[in-house]
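Q: Residue-level listing of the chains:
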Amino acid sequence: MGQIENQIKDEVTILFAGDSGDGIQLTGGQFTDTAALLGNDISTFPNFPAEIRAPQGTVAGVSGFQLHFGSVELFTPGDHADVLVVMNAAALKSNLDSLKKGGIVIANIAGFDKKNLRLAKYEDGVNPLNDGTLDGYKIHEVDVTKITRETLKESGLGTKVVDRSKNMFVLGFLYWMYNRKLDNTIRFLEKKFSKKPELIESNIAVLKAGYYYGDTAEAIASRFEVKPANIKAGTYRNIMGNEATAIGLIAASQKTGLNLFCGTYPITPASDILHFLSKYKNFGVKTVQAEDEIAGICAAIGASFGGALGITTSSGPGIALKGEAIGLANIYEIPLVIVNVQRGGPSTGLPTKTEQADLFQALYGRNGESPIPVIAAQSPKDCFSAAYEACRIAIEHMTPVFLLTDGYIANGSEPWEVIKSEDLPDIEVKFAEPREEEDPAFLPYKRNEKFVRPWAIPGTKGLAHRIGGLEKDFETGNVSYDPENHERMVKVRQAKVDKIADYIPEQALDAGEDAGDVLLLSWGSTYGAVKTATKILIDEGKKVSHAHVKYLNPLPKNLGELVKKYDKVIMPEMNNGQFIKIIREKFLVDAIGLNKIKGLPFVTEEIVKKVNEVLA
Amino acid sequence: MGQIENQIKDEVTILFAGDSGDGIQLTGGQFTDTAALLGNDISTFPNFPAEIRAPQGTVAGVSGFQLHFGSVELFTPGDHADVLVVMNAAALKSNLDSLKKGGIVIANIAGFDKKNLRLAKYEDGVNPLNDGTLDGYKIHEVDVTKITRETLKESGLGTKVVDRSKNMFVLGFLYWMYNRKLDNTIRFLEKKFSKKPELIESNIAVLKAGYYYGDTAEAIASRFEVKPANIKAGTYRNIMGNEATAIGLIAASQKTGLNLFCGTYPITPASDILHFLSKYKNFGVKTVQAEDEIAGICAAIGASFGGALGITTSSGPGIALKGEAIGLANIYEIPLVIVNVQRGGPSTGLPTKTEQADLFQALYGRNGESPIPVIAAQSPKDCFSAAYEACRIAIEHMTPVFLLTDGYIANGSEPWEVIKSEDLPDIEVKFAEPREEEDPAFLPYKRNEKFVRPWAIPGTKGLAHRIGGLEKDFETGNVSYDPENHERMVKVRQAKVDKIADYIPEQALDAGEDAGDVLLLSWGSTYGAVKTATKILIDEGKKVSHAHVKYLNPLPKNLGELVKKYDKVIMPEMNNGQFIKIIREKFLVDAIGLNKIKGLPFVTEEIVKKVNEVLA
Amino acid sequence: MPEVKEKKITAKDYASDQDVKWCPGCGDYSILKQVQSVCAELALKKDETVFISGIGCSSRFPYYMDTYGMHSIHGRGPAFVMGLKTARPELNVWMITGDGDSMSIGGNHFIHLLRRNVDVNVLLFNNQIYGLTKGQYSPTSEKGKVTKSTPYGSIDHPFNPLSLAMGAEATFVARTMDRDPKHMRPILIEGEKHRGTSLIEIYQNCNIFNDGAFFPFTEKATKADNTIFIEHGKALVFGAEGEKAIVLDGFTPKVVSISDIAEADLWIHDKYDRVKASILTRFFDDPREEGALPRPFGIFYQENRSVYEEGVTAQVERHIEEKGSPNLDTLLEGPNTWTIK
Amino acid sequence: MPEVKEKKITAKDYASDQDVKWCPGCGDYSILKQVQSVCAELALKKDETVFISGIGCSSRFPYYMDTYGMHSIHGRGPAFVMGLKTARPELNVWMITGDGDSMSIGGNHFIHLLRRNVDVNVLLFNNQIYGLTKGQYSPTSEKGKVTKSTPYGSIDHPFNPLSLAMGAEATFVARTMDRDPKHMRPILIEGEKHRGTSLIEIYQNCNIFNDGAFFPFTEKATKADNTIFIEHGKALVFGAEGEKAIVLDGFTPKVVSISDIAEADLWIHDKYDRVKASILTRFFDDPREEGALPRPFGIFYQENRSVYEEGVTAQVERHIEEKGSPNLDTLLEGPNTWTIK
Ligand SMILES: Cc1ncc(C[n+]2csc(CCOP(=O)(O)OP(=O)(O)O)c2C)c(N)n1
Ligand SMILES: Cc1ncc(C[n+]2csc(CCOP(=O)(O)OP(=O)(O)O)c2C)c(N)n1
Ligand code: SF4
Ligand code: SF4
Ligand SMILES: [Mg+2]
Ligand SMILES: [Mg+2]
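Chains as they are written, first to last, in our numbering: chain A, 284 to 899; chain B, 284 to 899; chain C, 67 to 407; chain D, 67 to 407.
In isolation and in its complexed conformation, chain A is listed as follows (with noise of 0.2 Å):
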């Protein structure tokens, strides 16, 4: 057979797929890494199930990781698939629509025995891979659970043992048709099972013989090669959405002293925070894990008082439920950082599955005025300047603070520059000061020019007080039920909140001129594919820009400026419009939204089509 081609791409999106159980999830990690390594830059998308262990082999069932490399700038983990790995039918039939036409299918043929066309719902005697449904893509099966286990005969390990390695086959295999090394998997591998050589040894074994099969067997024509990306010099490190977070939050408490304390409950796709966060308890960092989100928001604000950086971390039900607590905050005037990593709703809804439908939950969720900053995280290494900048504004203008990210961004990775600590911005805190008896009276509601009140706290000498849920009279705090006084109080906490809009840059454009045609207006985890999408618009010489607001509460100053400039706004969300209504009313102009319900990313060739279809 002819040689082997070696082909040079500028980028390349594979997705992994297979059983829950398959170590999908792993596989996709050590590929990013070791891509990562080589300088390529990355973005992926992993895409769970509801089911801890959905019952194998079923549609249900099937997880998947899809990993997008290349030499060039990426912002999105790729709209289509160049190359698809499934481990079993179930795994091809949910994954198909992912492929792009033409693309690579790599099958473990094992998974496509009867029992499992049988537990992915195919029909009796159908096989997907002989039945034409692949027609137009290039196929290639592997019985990857036979190999590895021919590979290991001799290891003495017990099948089941055996068969859990079968991944590092796939994984090798994909380093020899990507032209990767082998080492850094190797060093993860021998750090990883430490305590068990055993299944270092054996875990090597299978990887290797993956990349060998490659050199060996005949079926693939082309390698392919994917050459560093020429991004900006320095030093990177990949780095997931929720890690991001949890190190953001870190950084502040650092960066100003504070201790950081985060009162919680699992929830998925939240709970991975509480768990980066918990590991961290040199850096004085105190989790609770409380007996539910109540108890944790409440927790929260009880050591913001007491002085603590005081955090709170759900998803959308969990949130819900803390809205009374909120309220609370916001009436309290005291430092509070509210992540909600979105998922899809209403109520349960796709636990795992991403979505933007809690904007207005984080902006109205509560009884009464009780106006409250949002900021919302565009990429996974953005959510940690989100949730850093969540902090600065939190503390420097004491308010809670909601920081909106979602499933999306929170499990995916990308390269993130690491910065060195004495390169974060500032963060000024200031406790009020303690006070002598003949000093004159402490004022608790006092404000500074920002409308921001001291934040005096307990131990400091002179400035007992009570703080509490009822109408505060403006200065001494005290209880109040003056009818002027409360307007006042409605009007100076928007105004407090309405100021930080001195203190935030103005809204930039990320793309195009700064008039024209259109304007794709996004927020939140949609920025890499309309990034992706306006650039190819540009490149057809289309009259497009972008912005992408990241303050969505007070917004940028020359929000509305901005927006005018273009005939038509379009704005891209994964819900069924809730920034738009915000635009539209602020501005009174006619934006268009585009709205995708799906607990899945954009793709950018929606956005692409709705633009055209506008422009059209």
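Treat the hints loosely; a few may be bogus.
What the hints assert, rightly or not - What follows is a list of derived Cβ distance ranges for each label pair:
id : chain 1 : residue 1 : chain 2 : residue 2 : range
1  : D       : P217      : B       : E789      : 37 to 47 Å
2  : A       : K703      : D       : K389      : 17 to 27 Å
3  : D       : P401      : B       : K774      : 54 to 64 Å
4  : D       : P401      : C       : K300      : 28 to 38 Å
5  : C       : E369      : D       : P217      : 27 to 37 Å
6  : D       : F295      : C       : E369      : 23 to 33 Å
7  : B       : D407      : A       : P708      : 52 to 62 Å
8  : B       : K404      : A       : E720      : 22 to 32 Å
9  : D       : P217      : B       : S704      : 21 to 31 Å
10 : B       : K774      : C       : F295      : 54 to 64 Å
Stated by the list, open to error - Calculated pairs, BS3-like style, for lysine-lysine (alpha carbon to alpha carbon, straight line, at most 30 Å):
id : chain 1 : residue 1 : chain 2 : residue 2
11 : A       : K383      : A       : K421
12 : A       : K292      : D       : K407
13 : A       : K404      : C       : K99
14 : A       : K847      : A       : K774
15 : A       : K562      : C       : K320
16 : A       : K376      : C       : K200
17 : D       : K389      : B       : K398
18 : C       : K78       : B       : K744
19 : A       : K729      : A       : K774
20 : A       : K774      : A       : K510
21 : A       : K851      : B       : K774
22 : A       : K848      : B       : K851
23 : B       : K510      : B       : K491
24 : C       : K111      : B       : K713
25 : A       : K404      : C       : K112
26 : A       : K892      : A       : K384
27 : B       : K478      : D       : K209
28 : B       : K404      : D       : K200
29 : A       : K851      : B       : K840
30 : A       : K479      : D       : K389
31 : B       : K510      : B       : K292
32 : A       : K475      : A       : K510
33 : A       : K474      : D       : K407
34 : B       : K292      : B       : K479
Honestly, the hints are just simulated from the structure, not real lab data.
Even for Gly, the Cβ is constructed at its ideal location relative to N, Cα and C.
Put chains B, C and D with the ligands on the given structure of chain A with help from the hints.
A: Chains B, C and D with the ligands only, in chain A's frame:
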């Protein structure tokens, strides 16, 4: 002295004020009933202190009852009082602002002794009765306490008991002033004290003493007469808002034959709905005072699942706790009425004061896309029809429905023409029919032309099915993680709510031409003040119209068209601007807000003033 | 005339058409099977039976029963039960909950359900872990437990669910385990028969995140020495050969060799005795510790107390008797009217 | 050199400048007075003391103390306490709650506080009614109670707060009453000394909505026969002349005449004995009933168990010892980096 004049008045506002323990609410209530029985139109506004019994004599402890009665139609309890009755110095201090220039003050001088002046925080030696404070008013001083004691000195009753009847003196005196008969109150006393005949006697004696005092004391120059109002012939009763809500709910349950189940938790100012409902057990009404608001709503959902009419009632902070469960009811698609008697916020806020700041909470206060119909009541009696209509929509459209009232109309009262049960609109209830084994499978989420799914209650043969908070398949209702299905479900839940617009009346004008300079667009309890203001403005020749929106979600289909016909749209709200955001966003009109956030209802002149400013 | 025999109902008839999606090997399967089989044994009417749950792996249970069902929100199951039973007292209601669902977020509803004594069978699947959210510790996890959220070990002193239930006025308190279906069945049946809230704690193995938490009690090698099966009217004896017994030394329970004591001195289990039942719920030692008391399984306590929803219904009925049938027109009219002509 | 004597701190020093706004005659006044006076007696530092409450009449308490304070939201006091104490273990924290606040909406936080054993003094003002919302029944109201929300009498079986606390792993359980300041003071002091959650239930008269609920225990004519004051190491005797005693007949407590029994047979109160303390919490009869057991007042139970926030702090400290001081740059860098040139 000269003869006592008898003036005819179209309308009069009396404000009774005194200590919480002074029987102010009872006095006001009696005068109201008597005026109503005579055929006056009336409107009342009680105003309680936040404490149960704040220290006697202090401003914090003042309780007020404002009563507006007239021979013309009335829609508010009056902007300013013609007569202010004060039982002590604190009552004068905190209510003088509400008295018309030149109005009458009736003061119990026993309440202006040194102790009371001090408690009311007047400076030493200052007495507002004689320091010029009341210049320009007509003052009438009576030593109510002394006369009461003298009247009853032979009664053998203790001083405490005697003093408690001093409100009857005031009532008697006002009956005299306004030419009223005593019989209604005498009948009331006979009933109230049927088990303590000595109290019947003593109270009647003091009541009469007050009346005769008017006859004999020569200080008051005029008596007044307010003729019966020229209102529609019919049988009337007096009704408070919370009572009207309760009766509306019971009426809907009786009319449909569904049992009423109310799961709730006490909170001011909503508790009275529970108190009323719990009395009507013979109507099959079951009330559960649950352990908290969450349990209250969940119990109501459970009852609805069982085929009852599930209701939950609360106020702002309690509603905040219900967000997660409301989301569940939304995805369950099950009838449920959520009553929010709004009060001053945020947080605990001003529990006994009124506000309209929970509209956004009703619309958006939960995670995910979770649209819910919202109806607002406009006056005490309108609470009946709004509650009834909320039940109709909940049942016919299988959805949770928000009913918004507020502290102002919940505690206020007005006459209400008695409606016959047969005249109540029909409400269609259809439980899904039993199914035999051979019948096609039951599809719990299959929708009718209104996009409404069947209500299949336990105990029905062959309809066993499961519902849950996870996203469900479009027809079977089984758990579905399918991306397309999710989007379809989000859209159809929205479409179902939007569709309700086909089953509600189009928006009508309350007054004015169907185009013009200004449209006053109001909702909820501002109705009376806006209506009265509009009348004044139209009488002045201004091109002003008034539309009052009862259905806040979905909006009446013609509303957009309607608002666009006016040069300016002014939207009065007792919040910092909420409904206005909806109108601006939906119709892109530059509506102007008129906002009052003082825990108090609008007075007419505030609205007139604003319109004149805008017109200027 | 020959009797027409109805087709005998079987456990399978209670299985819904949905695929069961717990992890292979999960203890939940065994409980599902026993419940279905008990339903068949008691021939419960599918159309009049409702399973209600909160959120958690265990709380997926209702989807697998071919009865009416509500999978609700986390921790609030008892409130849905209370509402449904109050509205429809004639229904047969079961509640499924986990240790996180009932002891953590739902603790308050749980204790209020018990004090109200709503007539429902509560199956508390205790796996001492949060399964569905992938392995955080729960309020029943032992102190020091290393989990995803407690990488250096948990600090909280755990609840003893049955002891808490006793303090919360429970009227039926029992414990069984996933791996002993023969023991589970009669407990389920007694629970179903009890009028009021029947609390049945079921030790359930989560083989993914907390495998073996109960092995000392469930596995052959250790079971006999670490467990004691209590039955009303029977002595507290245990051990492979029934060779050990529990006696009270004052108020302190002690393990003795059965040969060392007179029959009259044996502790005879009396499920109606609150104090003794309370002591039994306090048999809660770590089985790995020296001198640990065996863990009891069976019905600890039972009390006959009025049922909440019956009280509500009785009040409605009494009120109708006293006040007569409702007349909507009278209500609409109110106590005081006047007429304008 | 003469010692400079500091001005002696008095109860008044702990009073804030706010007017106290409870109803005249409310039992809350007496409790406020005792707390202020105990603060003075123990010379608690105002600047290091925090009073935290939920919502209710009783929960207005912090406004009246010249210390730091949080009036929070209904039922959630324990969570604020847990957060504050975990962040700042050195502070002296008191929690004020009502029977609605702690037993109804806040029941879950309450029991979790107890099991975690956060070091806080919890004063539970039990007036068996919702005061602030003007008179609905509470979870401690007796069955059949007629209130605004139960015009035909309540149906729910009430909680026994101390029994619930025992079931929830409380480490300090006591009861006192508003009308016996002499009894209240030492209990408050003992509670303050206890390390862990000190639960002190205080019977408090709401003279507006539930006047006299505790008169059988608090008023002279009936007090002696209806109450028993328990003290560690002392016999359970009561009655105007100390003429009656409690003994246990098996597990059943009985009232006997002191002259009828030998001293050795007296029940000596042992606050460290969980079983006996549990039995004592079950002395919960309606005093108007024939043969009612007297209601105990005093410290029922005390246990020395590790304190939650200390565990958290210890873990942090141990971790710093093991891993060294935090280095933010290392954290930012993560385990794996690569460099692009
Ligand atoms: C309001 C809310 N908070 C948190 C969650 C996330 N959550 C789902 S199940 C669960 C705990 C499950 O533990 P358990 O009740 O013991 O059930 P198991 O899975 O172990 O059977 C949590 C925290 C949720 N679904 N809703
Ligand atoms: C979330 C919420 N629900 C309800 C209320 C209304 N509320 C205030 S205090 C209270 C109960 C008070 O009873 P208790 O705790 O016994 O205190 P007390 O007034 O008797 O001292 C209630 C229901 C509230 N403020 N917040
Ligand atoms: S995670 Fe544990 S409890 Fe949940 S299904 Fe799997 S084994 Fe069962
Ligand atoms: S209502 Fe009762 S508890 Fe509240 S302040 Fe008045 S007397 Fe005290
Ligand atoms: Mg569990
Ligand atoms: Mg109370």
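Q: Each hint needs a verdict: does it hold in this structure or not?
A: Okay, the hints, checked on the actual structure:
Evaluation of the 37 to 47 Å hint for D/P217 and B/E789 yields a pass: the beta carbon distance comes to about 42 Å. Distance hint for A/K703 and D/K389: a CB-CB separation of about 21 Å, consistent with the stated range 17 to 27 Å. Range check, D/P401 to B/K774: Cβ separation about 45 Å, and the 54 to 64 Å hint is violated. For the hinted restraint 28 to 38 Å between D/P401 and C/K300, the CB-CB distance of approximately 59 Å leaves it violated.
A hinted range of 27 to 37 Å for the beta carbons of C/E369 and D/P217 is consistent with their spacing of about 29 Å. Distance hint for D/F295 and C/E369: a CB-CB separation of about 30 Å, consistent with the stated range 23 to 33 Å. Evaluation of the 52 to 62 Å hint for B/D407 and A/P708 yields a pass: the beta carbon distance comes to about 57 Å. For B/K404 and A/E720, the hinted distance range of 22 to 32 Å is satisfied, since their beta carbons lie about 25 Å from each other.
Between D/P217 and B/S704 the beta carbon distance is about 24 Å. The supplied range of 21 to 31 Å therefore holds. Range check, B/K774 to C/F295: about 56 Å between beta-carbon atoms, so the 54 to 64 Å window is met. Distance restraint check for A/K383 and A/K421: the Cα-Cα separation of roughly 11 Å lies within the 30 Å cut-off, and the hinted pair is therefore satisfied. Distance restraint check for A/K292 and D/K407: the Cα-Cα separation of roughly 21 Å lies within the 30 Å cut-off, and the hinted pair is therefore satisfied.
A C-alpha spacing of about 25 Å is found between A/K404 and C/K99, which places the hinted pair at or below 30 Å, so the restraint holds. Among the hinted pairs, A/K847 with A/K774 is consistent with the structure: their alpha-carbon atoms are about 28 Å apart, no more than 30 Å. As the CA atoms of A/K562 and C/K320 are separated by approximately 42 Å, the hinted pair breaks the 30 Å bound. Proximity of A/K376 to C/K200 is assessed by CA-CA distance (about 26 Å); at most 30 Å being required, the pair is judged to hold.
For the suggested pair D/K389 and B/K398, the alpha carbons sit about 68 Å apart, so the restraint of at most 30 Å is broken. Distance restraint check for C/K78 and B/K744: the Cα-Cα separation of roughly 18 Å lies within the 30 Å cut-off, and the hinted pair is therefore satisfied. A C-alpha spacing of about 15 Å is found between A/K729 and A/K774, which places the hinted pair at or below 30 Å, so the restraint holds. The suggested pairing of A/K774 with A/K510 is violated, with an alpha-carbon distance near 57 Å, which exceeds 30 Å.
Among the hinted pairs, A/K851 with B/K774 is consistent with the structure: their alpha-carbon atoms are about 24 Å apart, no more than 30 Å. Of the supplied pair hints, the one linking A/K848 and B/K851 holds, its CA atoms being roughly 26 Å apart against a limit of 30 Å. Distance restraint check for B/K510 and B/K491: the Cα-Cα separation of roughly 23 Å lies within the 30 Å cut-off, and the hinted pair is therefore satisfied. Restraint check: the Cα-Cα separation between C/K111 and B/K713 comes to about 23 Å, which is no more than 30 Å; the hinted pair holds.
At most 30 Å may separate the alpha-carbon atoms for a hinted pair to count; A/K404 and C/K112 meet this at roughly 29 Å. Distance check on the hinted pair: A/K892 and A/K384 sit about 18 Å apart at the alpha-carbon level, within 30 Å; holds. A C-alpha spacing of about 26 Å is found between B/K478 and D/K209, which places the hinted pair at or below 30 Å, so the restraint holds. Restraint check for B/K404 and D/K200: satisfied, since their Cα atoms lie roughly 27 Å apart, inside the 30 Å limit.
The suggested pairing of A/K851 with B/K840 holds, with an alpha-carbon distance near 26 Å, which does not exceed 30 Å. Restraint check for A/K479 and D/K389: the C-alpha separation of about 24 Å stays at or below 30 Å, so the hint holds. Of the supplied pair hints, the one linking B/K510 and B/K292 holds, its CA atoms being roughly 8 Å apart against a limit of 30 Å. At roughly 29 Å between alpha-carbon atoms, A/K475 and A/K510 fall within 30 Å of each other, so this suggested pair holds.
This hinted pair checks out: A/K474 and D/K407 have alpha carbons roughly 28 Å apart, not beyond 30 Å. Straight-line distance between C-alpha atoms of B/K292 and B/K479 comes to about 39 Å, which puts the hinted pair past the 30 Å bound.
Violation of the numbered hints given earlier is confined to hints 3, 4, 15, 17, 20 and 34; the remaining hints are satisfied by the structure.
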